[in-house]
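Go ahead and model the full structure; you've got the sequences and the hints to work with.
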Amino acid sequence: MIAIVDYGVGNLFSLRCSLEYIGQECLVTGDPIELDRADAVILPGVGAFEDAANKLRNKGLDVVLKELAGRGKPLLGICLGMQLLFEQSREYGVHRGLGLLEGEIVPLLEDVDDPACRIPQIGWNTLEIADKSCPVLSGVANGDAVYYVHSYYLPKGRLTAAWSGYGKAKVSGVVQKGNVMGTQFHPEKSGEVGLKILRTFCGHSQ
Amino acid sequence: MLTKRIIPCLDIRDGRVVKGVNFEGIRDVSDPVEAAAYYNAQGVDELVFYDITATFENRGLFTDLLRRVASQIFIPLTVGGGINSLDDFGRVLGCGADKVSVNSGAVKNPGLIEQAARKYGDQCVVLSMDIKRMDGGFRLFSAGGRTDTGLDAIEWARQAGERGAGELVVNSIDTDGVRNGFDIEMLNAVRAVSSLPIVASGGAGNKEHFLELFENADVDAGLAASIFHFRELEIPVLKAYLAKHGMPVREVR
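Top line first, the protein sequences correspond to chains L and H. Residues in the first sequence are numbered consecutively from 1, following my numbering. Residues in the second sequence are numbered consecutively from 207, following my numbering.
Don't read these hints as lab results, they were simulated from the structure. Even glycine gets a Cβ: it sits at the ideal position worked out from N, Cα and C. It is possible that some hints are incorrect.
To be verified - Below, computed lysine to any residue pairings styled on SDA-like, alpha-carbon distance capped at 20 Å:
#, chain 1, residue 1, chain 2, residue 2
1, H, Lys314, H, Asp293
2, L, Lys168, H, Asp424
3, L, Lys156, H, Met207
4, H, Lys325, L, Lys168
5, H, Lys450, L, Asn11
6, H, Lys338, H, Ser277
7, L, Lys55, H, Val458
8, L, Lys196, L, Gln24
9, L, Lys170, L, Gly203
10, H, Lys338, H, Gly356
11, L, Lys196, L, Tyr21
12, L, Lys168, H, Lys413
13, H, Lys325, L, Lys73
14, H, Lys325, L, Tyr92
15, H, Lys325, L, Asn54
16, L, Lys73, L, Ser133
17, L, Lys196, H, Val458
18, L, Lys168, H, Met207
19, L, Lys55, L, Lys66
20, H, Lys314, H, Arg364
21, H, Lys413, H, Glu391
22, H, Lys325, L, Asp51
23, L, Lys196, H, Lys450
24, H, Lys325, L, Lys196
25, L, Lys73, L, Ile119
26, L, Lys170, H, Tyr326
27, H, Lys325, L, Asn11
28, L, Lys55, H, Gly327
29, H, Lys450, L, Thr126
30, H, Lys325, L, Phe13
31, L, Lys196, H, Ala243
32, L, Lys55, H, Tyr326
33, H, Lys325, L, Gly8
34, L, Lys196, H, Glu457
35, H, Lys325, H, Gly370
Said to hold, decoys possible - Far from chain L, by Cβ distances over 10 Å, these chain H residues were calculated:
#, residue
36, Leu208
37, Gln321
38, Arg345
39, Arg352
40, Thr355
Below, the structure written as C-alpha cells:
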C-alpha cells in the first residue's frame, strides 16, 4: 500500500489514477497512523512553497514525515513535493522546507539566461542521467523526456540523479539520498517513462 | 532541452468523438478513450479535447469522458469549449485536465483569465484565439470563428500575458482546413508582443509545414486535427522527420 499525503494542496486525481493503472493500491490520507502503516509515502504538491510548507506544519505532518523518513520509509516527493524535502526555498522570500535533503530551491529565472526559455518551464524536457545507481532510474535512459511545470528549481548537485538543461540552468529532475527521493517533473503526466518510474518506486517499496 | 510539442485536437459531442476521425484498423472510432489511447501510443505530447456539446445537461457526459481518459492516459490533457466561468475551470480540472482553454468566454469577460490564473495558477490557463486577416491587420473572432469581435488580435494577445494567461493558442481562420501551411507572419506578429508559449494552429497539410513552422516562427507547439485523424501524417513519421532536421522532439521508444 502506498500512501499519498493529503494536506490540502493540489489535485490528486491523476496521481491516484496512475498508481491504480500500474496496479498499485493507494490511499490518500493525512492520518499519521495510516502513513506509518503504508509501505511507502508519496508527497505531492502544486502551488506556492510557503503555503504548502505551512499547511504541512499546521497539520503536524512535517514532524511525521521526518520521523518516517528517519526510520527508512521510502518517500517520494513530486514537483513542489520534491522541493519541500529540501532545507529552504527562495520562492517569494526565504522559506523553510522539511530539511530532509541538503540544498536550496532557487528561481529558474535567475539562471536560465536565455530569452527563448520561458518561465515557467512547461513541457517535455529530456533527462541526462547523473547517477545510474539511483533505484527509480532503472530502465530510464539518457534522452527520455518527462513533463515539467515549474518556476523554481534545485540546481544540479550532489543529490542529483538525473537532470534536464533549460537555457543555462541545469535543473535537477530526479534527486535521491537513501530512502528519500523526488522528481521535479510529474511522473503521472510523463507517459510510459513516468509510469516506469512510479512502478519502480512502488516495486522497491514492497 | 525543451522539445517542440505535437498536439492533435479531438472534437467531442455528447461524450463521443464526433465524425471526422478515421484511424486505419479501428473503424468508426467514437470512443474518446480509444482515440486517446491510439494517440498516446503514437507518442503525441499532449491531447486537446474540444467540447462542442450544445446542452448543459450533456456537459456531464463530457466530464465523465474526461475522467475516463485521464484515468487511462498519462500525458497532459487540455480541455476547451464552453468555458465561461471559474466553475467551468474547476469542473474540468477536477476531472484530470491539466490546462483549460478559454476563447469566447474571455472575450465576453476578460477578467476570467485573471481570476482563473489566481485561483488555479497561470500554467493551466490557455487563451485560444481565432484570428482572421482583415484590412491589413489581424482581427479577433469569437464563437468558433463566426463573430467579428472588432478587436485587434495582436493587442488582445499582448494583454493576455498581463492578465495572467499561461499559454496562447493561435488559430488562423484563413489557413484552417486549407492545408497550405501555417500563417508564419501572423505567429511572428503575436510573438513580437508576447513571451508566452505559443501553440500554432491552422494550415498543417504535411510534415514539411511543421518544419517550416518551427524554423521560421518562435513557437512551442503545432496543433492539427484532420491530418492526424485521417492518418495522412503519422506522429512517429512527423517526429522522426523533425528530429532528422535538428528539431528537439520527444520520440517514444
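Hint check:
Restraint check for lysine 314/H and aspartate 293/H: satisfied, since their Cα atoms lie roughly 16 Å apart, inside the 20 Å limit. Between the alpha carbons of lysine 168/L and aspartate 424/H the distance comes to roughly 19 Å, so the proposed pair stays at or under 20 Å and holds. A distance of roughly 15 Å separates the Cα atoms of lysine 156/L and methionine 207/H; the hinted pair therefore holds under the 20 Å criterion. The suggested pairing of lysine 325/H with lysine 168/L is violated, with an alpha-carbon distance near 31 Å, which exceeds 20 Å.
Proposed proximity of lysine 450/H and asparagine 11/L is contradicted: the alpha carbons are some 38 Å apart, above 20 Å. Between lysine 338/H and serine 277/H, the direct Cα distance comes to roughly 37 Å. Violation of the 20 Å bound is thereby established for this hinted pair. Distance restraint check for lysine 55/L and valine 458/H: the Cα-Cα separation of roughly 38 Å exceeds the 20 Å cut-off, and the hinted pair is therefore not satisfied. Under the criterion of a C-alpha separation no larger than 20 Å, the hint pairing lysine 196/L with glutamine 24/L is consistent with the structure, at around 12 Å.
Only pairs whose Cα atoms come within 20 Å are accepted, and lysine 170/L paired with glycine 203/L is rejected, the gap being roughly 29 Å. With a C-alpha separation of about 11 Å, the suggested pairing of lysine 338/H with glycine 356/H holds against the 20 Å cut-off. Simply put, lysine 196/L and tyrosine 21/L have alpha-carbon atoms about 12 Å apart, close enough for the 20 Å limit, and the pair holds. Taking the CA atoms of lysine 168/L and lysine 413/H, the gap is about 31 Å. The hint is violated against a cut of 20 Å.
Of the pairs offered as hints, the one joining lysine 325/H and lysine 73/L is violated, with about 34 Å between alpha carbons and a cut-off of 20 Å exceeded. Between lysine 325/H and tyrosine 92/L the CA atoms are separated by roughly 18 Å; this keeps the pair inside 20 Å, and the hint holds. At roughly 18 Å between alpha-carbon atoms, lysine 325/H and asparagine 54/L fall within 20 Å of each other, so this suggested pair holds. With a C-alpha separation of about 19 Å, the suggested pairing of lysine 73/L with serine 133/L holds against the 20 Å cut-off.
Only pairs whose Cα atoms come within 20 Å are accepted, and lysine 196/L paired with valine 458/H is accepted, the gap being roughly 13 Å. The suggested pairing of lysine 168/L with methionine 207/H holds, with an alpha-carbon distance near 10 Å, which does not exceed 20 Å. Restraint check for lysine 55/L and lysine 66/L: satisfied, since their Cα atoms lie roughly 15 Å apart, inside the 20 Å limit. The straight-line distance between the Cα atoms of lysine 314/H and arginine 364/H is roughly 17 Å, inside the 20 Å bound, and the hint therefore holds.
For the hint linking lysine 413/H to glutamate 391/H, the alpha-carbon distance of about 19 Å falls within 20 Å, and the restraint holds. The hinted pair formed by lysine 325/H and aspartate 51/L meets the criterion: a straight-line CA distance of about 14 Å does not exceed 20 Å. Proximity of lysine 196/L to lysine 450/H is assessed by CA-CA distance (about 27 Å); at most 20 Å being required, the pair is judged violated. Straight-line distance between C-alpha atoms of lysine 325/H and lysine 196/L comes to about 32 Å, which puts the hinted pair past the 20 Å bound.
Simply put, lysine 73/L and isoleucine 119/L have alpha-carbon atoms about 34 Å apart, too far for the 20 Å limit, and the pair is violated. With a CA separation close to 27 Å, the supplied pair lysine 170/L and tyrosine 326/H exceeds the 20 Å bound. Distance restraint check for lysine 325/H and asparagine 11/L: the Cα-Cα separation of roughly 13 Å lies within the 20 Å cut-off, and the hinted pair is therefore satisfied. Taking the CA atoms of lysine 55/L and glycine 327/H, the gap is near 18 Å; set against the 20 Å cutoff, the hint holds.
Note on lysine 450/H and threonine 126/L: the hinted pairing holds, with a Cα-Cα distance of about 17 Å set against a maximum of 20 Å. Taking the CA atoms of lysine 325/H and phenylalanine 13/L, the gap is near 18 Å; set against the 20 Å cutoff, the hint holds. Between lysine 196/L and alanine 243/H the alpha-carbon distance is near 17 Å, which keeps this suggested pair within the 20 Å criterion. At most 20 Å may separate the alpha-carbon atoms for a hinted pair to count; lysine 55/L and tyrosine 326/H meet this at roughly 17 Å.
Among the hinted pairs, lysine 325/H with glycine 8/L is consistent with the structure: their alpha-carbon atoms are about 14 Å apart, no more than 20 Å. For the proposed pair lysine 196/L and glutamate 457/H, the alpha carbon gap of about 16 Å is at most 20 Å, so the pair holds. The straight-line distance between the Cα atoms of lysine 325/H and glycine 370/H is roughly 11 Å, inside the 20 Å bound, and the hint therefore holds. Interface exclusion of leucine 208/H from chain L breaks down, the closest Cβ pair being 5 Å apart, not more than 10 Å.
Chain L leaves glutamine 321/H outside its interface by the beta-carbon criterion, the shortest separation being 16 Å against a cut-off of 10 Å. Arginine 345/H, annotated as away from the interface, keeps every beta carbon of chain L farther than 10 Å; the closest lies near 26 Å. The claim that arginine 352/H lies off the interface holds: its Cβ sits roughly 31 Å from the closest Cβ of chain L, which is beyond the 10 Å cut-off. Look at threonine 355/H: its CB is around 27 Å from the nearest CB on chain L, clear of 10 Å, so calling it non-interface holds up.
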